[in-house]
Amino acid sequence: KRIKQLEGRVPGSLDLAFDQKRLQPPKDTTDVIAVIKGVIDAEKGAIENYNAIIKLCDGADFVTQDLCIRLLSDEEEHLIQFKGFLKEYEKR
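For the sequence shown, position 64 (counting from the first letter as 1) is numbered 64 according to our numbering, and the numbering increases by one without interruption.
You may find that some hints are simply not true.
Unchecked claim - Okay, derived cross-link-like pairs now, DSSO-like style, lysine-lysine, Cα gap no bigger than 30 Å in a straight line: (1) 1 x 87; (2) 1 x 91; (3) 44 x 55; (4) 44 x 1; (5) 44 x 4; (6) 44 x 27; (7) 27 x 55; (8) 55 x 91; (9) 1 x 21; (10) 4 x 37; (11) 87 x 4; (12) 37 x 27; (13) 55 x 1; (14) 91 x 21; (15) 83 x 4.
Said to hold, decoys possible - With beta-carbon atoms standing in for the labels, derived distance ranges: (16) 52 x 23: 15 to 21 Å; (17) 11 x 80: 18 to 24 Å; (18) 7 x 70: 31 to 37 Å; (19) 5 x 92: 45 to 51 Å; (20) 5 x 55: 18 to 24 Å; (21) 2 x 44: 19 to 25 Å.
For the record, the hints were derived by calculation from the structure and aren't laboratory data. Glycine residues also receive a C-beta, built at the ideal position from the N, C-alpha and C atoms.
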């Protein structure tokens, strides 16, 4: 929605460069700890990206900045949640 408000265009799948390394499944898909660590890595990456966008928007685009601050809050909550899951699984 925000992209359209800024008169942008959401890219189609053929326009995307798929080079995402985070959240690739481990060789052993039953390795729950590896999956959790992958999610933690992805959450940290999302937090890093949102922080960069928030900084870029400062003083220029407060609506996008506010949106990213709300999304950042969600990602930080997810990170805490998955760190808790990791702690529980590593006890076993």
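Residue 55 and residue 91: Cα distance at most 30 Å? Violated, because 38 Å separates the two Cα atoms, which is more than 30 Å.
Under the criterion that the straight-line Cα-Cα distance not exceed 30 Å, is the pair residue 27, residue 55 satisfied? Measuring from Cα to Cα gives roughly 37 Å; hence the hint is violated.
Can you let me know if the beta-carbon spacing of residue 2 and residue 44 is within 19 to 25 Å? Cβ of residue 2 to Cβ of residue 44: about 23 Å, so the range 19 to 25 Å holds.
Just to be careful, I want the Cα atoms of residue 1 and residue 91 compared with a cutoff of 30 Å; is the pair within it? violated (43 Å)
Are the Cα positions of residue 91 and residue 21 separated by 30 Å at most? holds (28 Å)
For the pair we were handed, residue 44 and residue 4, check the Cα-Cα distance against 30 Å. The hint holds at about 27 Å.
Satisfaction of the hinted span 18 to 24 Å by the C-beta atoms belonging to residue 11 and residue 80: violated (32 Å)
Straight-line Cα separation of residue 44 and residue 1 no greater than 30 Å? holds (25 Å)
Beta-carbon spacing of residue 5 to residue 55 - inside the hinted bounds 18 to 24 Å or not: Roughly 21 Å apart at Cβ, these two residues keep to the hinted range, so it holds.
Indicate whether the distance between the beta carbons of residue 5 and residue 92 respects the range 45 to 51 Å. holds (47 Å)
Is the hinted pair residue 55 and residue 1 satisfied, with a Cα-Cα distance of at most 30 Å? With Cα atoms ~21 Å apart, residue 55 and residue 1 stay inside 30 Å; holds.
Could you see if the CB distance from residue 7 to residue 70 stays within 31 to 37 Å? This hint is violated: roughly 22 Å between Cβ atoms.
Consistency note: the structure conflicts with the earlier hints numbered 1, 2, 7, 8, 10, 11, 15, 17, 18.
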